[in-house]
Each structure stands twice: as structure tokens, then as C-alpha cells.
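Trainee: The primary structure of each chain is shown beneath.
Protein chains: 2
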Amino acid sequence: MKNNSLKEIAKVLSEAESVLLFPHLNTDGDAAGSCAALCRALRIMGKDAWILLEDDIPANLLFLDKGYSTADKDKIKEPDICMCIDCGDTGRFPERAEKFLSGKTTICVDHHMTTEYFCDLNFVDSEEAATGQIIFDLLKEMDVMPDAEIGEAIFAAITTDTGDFQYSNTQKKSHLIAAELYDWGVDFNKVSVEIYENVRMEKIMLKNKAMETLRIIGKGRGALLCVSLEMLRATGASMDESEGLAQDLRAISGVEYSAVLKEYEPDVIKVSLRAKREGNVSEIASRLGGGGHLKAAGCTIRASLAEAERMVERELEAAIEELGKNEAKRNI
Amino acid sequence: MKNNSLKEIAKVLSEAESVLLFPHLNTDGDAAGSCAALCRALRIMGKDAWILLEDDIPANLLFLDKGYSTADKDKIKEPDICMCIDCGDTGRFPERAEKFLSGKTTICVDHHMTTEYFCDLNFVDSEEAATGQIIFDLLKEMDVMPDAEIGEAIFAAITTDTGDFQYSNTQKKSHLIAAELYDWGVDFNKVSVEIYENVRMEKIMLKNKAMETLRIIGKGRGALLCVSLEMLRATGASMDESEGLAQDLRAISGVEYSAVLKEYEPDVIKVSLRAKREGNVSEIASRLGGGGHLKAAGCTIRASLAEAERMVERELEAAIEELGKNEAKRNI
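Chains as they are written, first to last, in my numbering: chain A, 1 to 332; chain B, 1 to 332.
Just so you know, not all the hints are guaranteed correct.
Which copy is meant is left open, so a pair is good if it fits within one copy or across any two.
What the hints assert, rightly or not - Heads up, simulated DSS-like pairs for lysine-lysine below, C-alpha to C-alpha not over 30 Å straight-line:
#1 203 <-> 276
#2 11 <-> 75
#3 329 <-> 66
#4 190 <-> 329
#5 99 <-> 276
#6 73 <-> 270
#7 190 <-> 325
#8 203 <-> 99
#9 270 <-> 203
#10 190 <-> 66
#11 276 <-> 209
#12 173 <-> 190
#13 270 <-> 209
#14 75 <-> 172
#15 66 <-> 276
#16 190 <-> 219
#17 66 <-> 140
#18 270 <-> 190
#19 219 <-> 66
#20 47 <-> 11
#21 173 <-> 140
#22 325 <-> 47
Don't read these hints as lab results, they were simulated from the structure.
Being a predicted model, the structure only gives us computed values, none of them experimental.
Could you build the full structure based on these sequences and the hints that come with them?
Mentor: Put into C-alpha cells, the structure is as follows:
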């Protein structure tokens with residue numbers, strides 16, 4: 001499959017009167033920022049533009065929505081364009097799929113590798129660190145003067161998807177875009193405070209409770225902990241709020257593998273796996289019926305939390321032993 | 001006082017045979033990265049160059065020291081140049097002050113506002129987000145081809161001092177430098193893993209213990225907690241490892257003021273104060289005999305931990321009430 005050019009997509013957008021934007025479920029900073037930036041640009045151009053949602057925007061991203069979002073499918077009855085952003089199949093917006101496909105023209109802009117070219121126009125580039133970077137390029141092809149608000153949304157998209165310019169997906173381009181946004185009058189620190197200094201007390205209490213179950217295994221090279229339904233009840237937090245724990249465990253000195261077991265329902269345990277330098281959690285995840293990347297993967301285990309913990313621990317111990325053997329070989 | 005040009009400083013360095021570099025006590029990423037980058041560059045140029053230390057490099061910055069550091073004052077007996085980096089008075093390197101002043105030429109390169117021009121050559125610019133940015137500029141004036149290792153040290157300096165490009169001191173220039181470092185072959189993610197994924201288990205246990213004392217005050221707009229000597233004993237952590245807690249508390253949704261009280265000795269309580277958006281902790285700190293910036297300040301209270309906590313709580317409550325009054329006024 002081949003990408004359309006951003007020039008073509010900009011032209012189609014410029015000729016439309018109404019545009020409906022579709023971020024994925026569980027909107028993150030990249031999806032929300034990309035949609036907000038594009039929606040504002042389209043409105044400046046005089047279009048009837050809206051972001052259509054089927055779930056809530058996380059509290060720390062609400063600042064991006066300056067009246068752009070709606071849950072009302074009839075906000076635009078017969079949209080000229082339906083455009084999905086940061087996602088590439090209707091399974092990522094199931095309740096809105098029918099509405100999406102009713103667009104006279106459909107467009108997909110995304111940076112996920114798994115995305116299929118299912119729209120009339122598609123631009124998918126998995127080299128891009130964030131969909132926000134593609135939107136930045138698209139804005140340049142559009143007849144619109146970008147402003148601080150658009151810049152703040154683009155910055156939110158890029159900084160969240162690159163882990164504040166620390167993840168390995170970060171590109172030279174990510175920094176060059178951030179640098180250019182300074183010329184648009186962006187208040188970066190304001191964006192950063194909104195995104196990162198808006199942590200619910202319930203999340204902090206959940207994290208504290210979960211950390212009490214932290215166990216170090218494999219001679220200090222593995223770390224795992226559990227988040228139970230009971231912890232959610234006790235703290236009032238939601239399971240989403242356990243996000244980031246696997247990353248925190250991997251950050252422990254000497255730890256090569258980390259696992260966080262999340263009890264979504266009794267006997268439905270989702271496992272987040274992380275590796276630091278040498279490890280490969282994609283293999284572990286696939287042995288447990290899941291999948292993912294080398295350094296970040298996951299799976300779902302249908303067993304009790306205690307049983308799932310034993311299974312994961314066994315896999316981590318085996319992987320750590322393997323790691324030790326490989327290191328010994330290299331030292332011969 | 002007037003800065004010398006980086007060209008002048010580069011010329012003096014190029015004419016020297018031996019150079020001793022002086023980072024400040026409690027070396028941070030900016031000091032360690034700046035020194036490592038410059039030391040390597042000087043060695044590539046054939047100089048006898050060393051970083052002279054009087055305390056340990058933190059574990060997560062050790063990767064920057066590829067044989068550059070020494071605690072031996074006689075490593076260079078009569079240095080042509082002694083150069084202090086990321087600090088601007090001998091009080092920041094008290095045990096090495098005499099050695100520093102023995103340099104045939106002394107140079108100061110720094111970005112702190114309080115720095116005095118006390119050397120033969122000085123370059124101080126408080127607009128710069130990190131001293132690493134000044135070293136980057138200095139390298140351009142020097143007759144040396146920068147490589148990945150130098151780039152990694154510069155990146156370590158900039159990313160730590162800008163809070164991963166999130167603090168308000170971050171500049172367009174910070175991003176432009178990071179972008180240019182890509183051309184030097186830097187492995188950014190490797191640097192990031194070294195710096196941030198090297199957290200001692202003791203630190204994590206200390207944080208968990210301290211979080212148990214977290215109290216929310218002032219109708220949710222204030223947060224404070226204590227780190228006691230007893231917690232250090234129980235966890236084996238050092239007081240340095242409580243760093244970052246005031247920032248974590250400020251990040252709680254709704255919290256405008258945060259305070260962390262650290263019992264360094266019985267009846268010697270150091271207090272870290274933070275404000276989020278509207279607050280001014282510099283005023284609070286000065287009422288308690290300390291000082292600092294608008295959003296980050298501190299003081300030392302000579303009282304028991306419990307008494308200090310009552311004093312700080314009173315000040316926070318008063319500041320929060322003041323904040324409420326100002327908001328009410330604005331809404332009239």
C-alpha cells in the first residue's frame with residue numbers, strides 16, 4: 001500500500017465544508033493533541049470541524065479541548081470528511097465506526113505499524129515518533145497560520161509519545177519541531193504542568209499500595225508487583241491509574257525485567273512486561289499468549305492473581321537465567 | 001562585569017598543556033556531563049586533562065566518567081589552567097579551592113545567576129538552560145571534532161537541567177542542540193536508561209515510607225510530608241535519595257503548594273517548598289529564614305520534626321488562604 005501525499009490530504013481538507021475527527025478509545029496525549037491542533041486549524045479556515053468521542057478525555061488532557069469535542073454523532077449530520085487520527089482501524093473506535101464510514105471521504109493519519117490502509121486517503125508512517133509530527137507537517141501544507149494554541153497541542157502530542165524526548169523512538173525531527181514551536185509563542189511549561197502535574201490523589205494511593213507488593217527476584221534482576229481489585233476498591237482509583245508502574249520497576253538499579261500484574265476481573269489478569277537493556281519481553285509475552293515489542297510487551301492470563309503471579313515469576317526467572325548464560329558465554 | 005568571549009577561552013585552552021576541571025560538590029548531570037564532554041575534547045586535542053573531585057559521582061552518572069575523574073590533587077602538579085564548571089565560587093568546591101587558585105590561569109564557565117566573576121577568564125550566562133549548552137558552544141570554538149561520547153555527555157547535561165525539556169528554563173536552543181547531537185551519532189536512549197533507570201531499591205523504599213506520611217491540607221491545595229532519620233535507618237537510603245518528592249507532591253491534582261521536611265539531624269530540618277501555578281514559595285521560605293525562587297525555594301528550621309511540620313503547615317495554610325482571597329477578588 002502507498003501513502004497519499006500530505007499535499008493531497010491538505011487539498012481535500014481545504015475543499016471540504018465539514019470535518020469530523022476520530023481519535024482512538026482511551027485517548028492519549030498524541031491522539032488528543034493531534035486532534036485538537038487539526039480541529040483548531042480547520043476552524044480557523046472556516047470549516048465546521050469537531051472531534052467525535054465515545055469515552056472521556058483523561059483529566060490531564062482536558063486543557064486541550066477548547067470546545068472541540070462532542071459525543072453527539074449528529075453534530076455534523078453528513079460530514080464531508082471523516083478522519084481517524086493516531087489509529088488505523090475501526091476497532092479502535094467501535095461505537096463510532098458506522099459514523100466514520102458514513103463520511104463522503106475517509107482519511108487516516110497515523111504512525112502505528114499495524115495500521116491498514118482502509119480509507120480513501122491514507123498517510124501512515126511508523127518512523128514518525130508521534131502522529132503529532134505528521135499533523136505538524138500537514139499544517140504546513142494547509143492554508144492556515146499556526147498559533148500558540150495549535151503549537152501547544154502539537155507539543156503535547158510529541159512530548160507524551162516520546163516520553164519527554166527520552167524514548168528510543170525520539171527523532172532529530174522531534175526536537176526540530178519543538179524548536180520551531182517556540183516561534184509560535186508556545187508556553188511549554190504550561191503544557192507540561194497540565195499534563196504531568198495533574199495526578200489524582202487516588203492514583204498516588206494506588207501506587208503506594210501496589211508498591212507494598214513489590215518483589216525482587218532473580219538475584220535482583222527481576223521485579224514484579226500486583227494491582228488487585230481490592231486495591232482499586234480501597235483507594236478509589238481506576239485500573240488505568242496503575243499505568244507507568246512497569247516502567248518504574250524497570251528503573252530499579254540492576255533490574256533487567258519487570259512485570260506488573262493487573263487484576264481487571266477475578267481470573268482476568270493483564271500483565272505488563274518490560275525489559276531494560278538486553279532482555280526481550282516479546283518472547284516471554286508470546287509464551288504466555290500475548291505479544292508486543294522487545295522492551296515492552298503484554299499478555300492476559302485467565303487465572304487467579306496468585307496463580308498468574310507464579311506463572312509470570314517462573315517465566316522471568318527462566319529469562320534471567322538465560323541472560324546469565326549468554327553473559328557467561330560472552331565472557332569466555 | 002563582562003564575559004570573555006568563548007573564542008578567547010578556546011584560545012587559552014588550546015595553548016595550555018594541562019587542564020584541571022572542577023565541577024561543584026554534589027555533582028549533578030549538568031556539571032558531570034559538561035566536565036566529561038570538555039575533558040574528552042581536551043584529551044582528543046592532546047592535553048593532559050582531568051576532572052578533580054572531592055566527593056563521589058552519583059551512581060546514575062558514573063557512565064559519563066570514562067577515566068576522566070580523580071580525587072588526587074597531584075594528578076597535575078602545576079596545572080596551566082584550572083577551570084570551574086557549572087559553579088562560580090570556591091565555596092562550591094571547598095576542599096579543592098586552594099588547588100583551583102594555584103592554576104596559572106583560572107576560568108569559570110557557568111549559568112547560575114549568583115556567580116561572581118572571580119577568575120582570570122569568565123563566561124557566565126544565566127539565560128542558558130544548562131552549562132552543557134555553553135560547553136557545546138565552546139566546543140565549536142575549539143579545534144576538535146566532536147564525537148558520540150562528547151554528544152552523550154552534552155545531552156546528559158541538558159536533559160537533566162531542563163527536566164527533560166519540560167522546565168520553564170528550556171530554550172529553543174536546547175532543542176536545536178539536541179537535534180544537532182543526532183549528527184554526532186549519540187545514542188540518546190542509552191543515556192536516558194543510564195540516568196533514569198538506575199534507581200536504588202533503598203530510594204524506592206524510602207519514597208514509599210515517606211509517602212505514608214503524606215498529608216493534604218488547605219482544602220486540597222497543599223501537600224506535605226516528612227522524611228525522618230528513622231526512615232533512613234529503616235531503609236538504608238541516604239537523605240539525597242529523598243530528592244524529587246516535593247516535585248511529586250506538587251504534581252497532585254489541585255495542589256498548589258507542596259513541602260517536604262527532611263530531618264538531616266535531630267532539630268535540623270531542611271524544607272523543600274514548591275508552588276505550581278499561582279503560588280510564590282520564595283516569600284514563604286524567606287519568612288522561615290530561607291530563600292529561593294518563585295516556584296522552588298527552601299529553608300532550614302532548627303526545631304523538632306513535629307514542630308517544624310506545624311510551622312510549615314501554618315505558613316502553607318496562610319498562603320493558601322491568601323491565594324483564595326486573590327482569586328475571589330479577581331472574580332468580582
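Trainee: If a hint holds in the structure, say so; if it does not, say that too.
Mentor: The hints, checked one at a time:
no.: 1; hint: 203 <-> 276; in the structure: both (25 Å within a copy, 19 Å between copies)
no.: 2; hint: 11 <-> 75; in the structure: within (24 Å within a copy, 67 Å between copies)
no.: 3; hint: 329 <-> 66; in the structure: between (58 Å within a copy, 25 Å between copies)
no.: 4; hint: 190 <-> 329; in the structure: between (51 Å within a copy, 23 Å between copies)
no.: 5; hint: 99 <-> 276; in the structure: neither (42 Å within a copy, 41 Å between copies)
no.: 6; hint: 73 <-> 270; in the structure: neither (32 Å within a copy, 56 Å between copies)
no.: 7; hint: 190 <-> 325; in the structure: between (49 Å within a copy, 23 Å between copies)
no.: 8; hint: 203 <-> 99; in the structure: neither (35 Å within a copy, 51 Å between copies)
no.: 9; hint: 270 <-> 203; in the structure: both (18 Å within a copy, 28 Å between copies)
no.: 10; hint: 190 <-> 66; in the structure: within (15 Å within a copy, 38 Å between copies)
no.: 11; hint: 276 <-> 209; in the structure: both (24 Å within a copy, 26 Å between copies)
no.: 12; hint: 173 <-> 190; in the structure: both (22 Å within a copy, 19 Å between copies)
no.: 13; hint: 270 <-> 209; in the structure: both (18 Å within a copy, 28 Å between copies)
no.: 14; hint: 75 <-> 172; in the structure: neither (39 Å within a copy, 39 Å between copies)
no.: 15; hint: 66 <-> 276; in the structure: between (39 Å within a copy, 22 Å between copies)
no.: 16; hint: 190 <-> 219; in the structure: between (43 Å within a copy, 23 Å between copies)
no.: 17; hint: 66 <-> 140; in the structure: within (22 Å within a copy, 44 Å between copies)
no.: 18; hint: 270 <-> 190; in the structure: between (34 Å within a copy, 29 Å between copies)
no.: 19; hint: 219 <-> 66; in the structure: between (51 Å within a copy, 27 Å between copies)
no.: 20; hint: 47 <-> 11; in the structure: within (13 Å within a copy, 59 Å between copies)
no.: 21; hint: 173 <-> 140; in the structure: both (15 Å within a copy, 22 Å between copies)
no.: 22; hint: 325 <-> 47; in the structure: neither (62 Å within a copy, 42 Å between copies)
Hint compliance for this structure: hints 5, 6, 8, 14 and 22 are broken, all remaining hints hold.
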